[in-house]
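Start from chain A and add chain B according to the hints.
Chain by chain, the residues:
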Amino acid sequence: MSDSAIRARGLTKRFGALVAVDHVDLDVPRANVYGFLGPNGSGKTTTIRMLCGLLAPSEGEIEVLGLRIPAEAEALRRRIGYMTQKFSLFDDLSVRENLEFLAEVQGVPRDKTRSRIDELVQRYHFEDREDQLAGTMSGGQRQRLALAGAVVHEPELLFLDEPTSAVDPESRREFWERLFDLADAGTTLLVSTHYMDEAERCHRLAILDHGALVADGTPADLTGALAGRTLAVHAAEPRRAHHQLVQVPGVLSVAQIGNTLRVLTTGDGDAAAQVRAALNNASLQAQVEPVEPNLEDVFVSATRGRTAPQEQAA
Amino acid sequence: MNLRRLWAVMQKELRQLRRDRITLAMIVGIPVMQLVLFGYAINLNLRGLSAAIVDQADTAGSRALVMDMLATGVIVPTRGARSPQELMDQLRRGAISVGVVVPRDFERRRADGREAIEVLVDGSDTVVQGAAVQLAQMPLDYSASLANATGAREVTPQQIHVVAFYNPDRRSAVNIVPGLIGVILTMTMVLFTGVAIVRERERGNMELLIATPISRSELMVGKVLPYAAIGLVQTTVILLLGLLLFRVPVRGSVFDVYLAAVLLILANLTLGLLISTKARSQFQAMQMTFFVFLPSILLSGFMFPFAGMPRVIQWVAELLPLTHFLRLIRGVMLRGAGLWELWPDVLALLAFTAVMMTAAILRFRKRLD
Chain A
551 MSDSAIRARG LTKRFGALVA VDHVDLDVPR ANVYGFLGPN GSGKTTTIRM
601 LCGLLAPSEG EIEVLGLRIP AEAEALRRRI GYMTQKFSLF DDLSVRENLE
651 FLAEVQGVPR DKTRSRIDEL VQRYHFEDRE DQLAGTMSGG QRQRLALAGA
701 VVHEPELLFL DEPTSAVDPE SRREFWERLF DLADAGTTLL VSTHYMDEAE
751 RCHRLAILDH GALVADGTPA DLTGALAGRT LAVHAAEPRR AHHQLVQVPG
801 VLSVAQIGNT LRVLTTGDGD AAAQVRAALN NASLQAQVEP VEPNLEDVFV
851 SATRGRTAPQ EQAA
Chain B
221 MNLRRLWAVM QKELRQLRRD RITLAMIVGI PVMQLVLFGY AINLNLRGLS
271 AAIVDQADTA GSRALVMDML ATGVIVPTRG ARSPQELMDQ LRRGAISVGV
321 VVPRDFERRR ADGREAIEVL VDGSDTVVQG AAVQLAQMPL DYSASLANAT
371 GAREVTPQQI HVVAFYNPDR RSAVNIVPGL IGVILTMTMV LFTGVAIVRE
421 RERGNMELLI ATPISRSELM VGKVLPYAAI GLVQTTVILL LGLLLFRVPV
471 RGSVFDVYLA AVLLILANLT LGLLISTKAR SQFQAMQMTF FVFLPSILLS
521 GFMFPFAGMP RVIQWVAELL PLTHFLRLIR GVMLRGAGLW ELWPDVLALL
571 AFTAVMMTAA ILRFRKRLD
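Heads up: the protein sequence lines correspond to chains A and B, in order.
Numbering-wise, our numbering puts 836 at position 286 of the first sequence, and it's gapless, one number per residue.
Numbering-wise, our numbering puts 299 at position 79 of the second sequence, and it's gapless, one number per residue.
The following block holds chain A by itself, in its conformation from the complex (with noise of 0.2 Å):
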């Protein structure tokens, strides 16, 4: 058995002339929490879709579970669970019905399906709403309850395809918990979000633009990559000195935070000196500092970095 969970090389999806997912290799390793960062249309839900059989790859070799998929995604079926963007659950049956259906569905022992109803029930704090129908419940609600759903019958492996999109920050912190519950019992999980801040919980990441995989690593590693290449700039007129920094070769962005800006350069030669220098020739009284890069660096540096020759091109 290989020591991945998931191994994919060149994964391809075309839908006509459009590239979805652009040969993507992939390592998923067991019993972590794998994050898929992205922004909307960058191809996390076709690749999900892909690695569970749903979809077939226009080109490409998928491995999961020591599996070839899509070949054997039937055998697959038994040992993922896949929580869908949109809530698939029915919205016209009971929190308990849902999980009876899927329970049977996913062949959890007869004799086994009521406690473990009643165990999920519990862990996903549906004591007193068991009979409510998933129609009526809240967006948080229901994610938990999709997530309870999608682990009914103890799945090697969890897809989730951005599990929160439609939660407030107290659930999805809540929901995060439940997460990693889950990889500490041994499932590995992949999770798509377009959320710095859940990318940054990952175990692992891999960062997705325009269908291709542009970064992939700890975010300790991705973010340790971009040392000494990130900037805070304390300005006294900072909408006047961002319009000056976006002009200075080196600077990939310039992102205003409150009255600070922070800058994300290139790393060729010594950056500060060039703000600096920039920062002075508009006489721009600033003070500049190295600070921390973050994930949302790594992205953006990862992004830019490739789209900018072909807008050169174009």
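Do not take every clue at face value.
Unchecked claim - Over 12 Å on every C-beta distance to chain A, these chain B residues come out as not near it, computed from the model: (1) G249; (2) T279; (3) L290; (4) E306; (5) H381; (6) L464; (7) Q507.
To be verified - Cross-link-like lysine to any residue pairs, in silico, SDA-like; alpha carbons within 25 Å at most: (8) K662/A x R235/B; (9) K498/B x K662/A; (10) K636/A x Q502/B; (11) K662/A x R728/A; (12) K636/A x I533/B.
These are computed hints drawn from the structure, not numbers from a lab.
All values reported here derive from a predicted model rather than from experimental measurement.
Positions of the beta carbon are idealized from the N, C-alpha and C atoms, including for glycine.
Leaving out everything else, chain B in the frame of chain A:
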């Protein structure tokens, strides 16, 4: 096929249905409303009724009279028969719609001015019955040509005795109600299944379902069976109301009636499944249902008699489950025929079901692309 998963799908479907008050109301509401609306039907003239003739007199006069009746074009001889009993038998099996009996003492009866000819009509179809009555009233050439030559008296319409079997009072309800079972089952069964699967796709449930170990046939059969039960409920409603409101009899066995209903239900459910594999939205599923439903009503013989349609249209009508069901249900309910006597139509419905089910399962992919 895993029975536990099959049952899980059925149970889910029934639970959802139980909470869908409007659909529940429609299950009974549609048959009740239609039954009341179709109380009276349209009658049309028609030609080309299949007939068999028994000429027991076999005189020059009787032969000439038969020739004249055929010349009207209202009846077309399709079967031979030697005795009135054989004629009756063919009538009951639905092989012919009209039987003509010229009795042995035809010449004497004609001379005496008594009823000289008997026209036996399948009264389970009021339109056929109407046509036969018209036939009897047509001035037959025979009267002019032979009467003068032989000096015999002409056969007046009063001398042709029309006997309508199975629906002697010519009540259209008797004819409409059995057909209505077929019409309502066609509409509701195709629509319910078509919509039931497309709805899951629209709501996003399908992506979840196909990511589970449910097989295609478990999903399809599990979704279809609860609706088959609903179809039988509707059949019962129509039979009971037909009996109470219109005194529509069940002359054959009740078991055969339900068996025929099951055959039609299965044919329609599988058609609905096939539609659901093609339709992208519930609205499309509804449109496709009506694409099948309208020809069913118009061509099956429910509204307009099958015998009056051009040959090509008849071929099209043979493809519709309702056409075959109407022959079965009228045979069983009104003529007291056994289902086995009408085996070609039983076979046609079974074949239709098998083809549709296979096509639906083949078309349904457990993939999103």
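Reported absence of Q507/B from the contact zone with chain A (all CB gaps over 12 Å): holds (25 Å)
Hinted pair K662/A and R235/B, Cα distance within 25 Å: holds (22 Å)
Holds or violated: K636/A to Q502/B, with C-alpha atoms at most 25 Å apart: holds (19 Å)
K662/A paired with R728/A [C-alpha distance capped at 25 Å]: holds (22 Å)
Closest CB of chain A to the CB of L290/B still more than 12 Å away: Holds, because the least Cβ-Cβ distance between L290/B and chain A comes to about 63 Å, which exceeds 12 Å.
Non-interface claim for L464/B, where every Cβ of chain A lies beyond 12 Å: At about 35 Å from chain A, L464/B clears the 12 Å cut-off, so the statement holds.
Hinted pair K498/B and K662/A, Cα distance within 25 Å: violated (39 Å)
Distance restraint between K636/A and I533/B, which requires alpha-carbon spacing of 25 Å or less: violated (47 Å)
Distal placement of G249/B relative to chain A, Cβ over 12 Å: At roughly 20 Å from the nearest Cβ of chain A, G249/B sits farther out than 12 Å, so the non-interface label holds.
Distance rule for H381/B, whose beta carbon must clear each one in chain A by more than 12 Å: holds (62 Å)
Check on T279/B being off the interface with chain A, judged by Cβ distance over 12 Å: Given a closest Cβ separation of 76 Å, the condition holds.
Assertion that E306/B lies outside the chain A interface [Cβ separation over 12 Å]: holds (58 Å)
Consistency note: the structure conflicts with the earlier hints numbered 9, 12.
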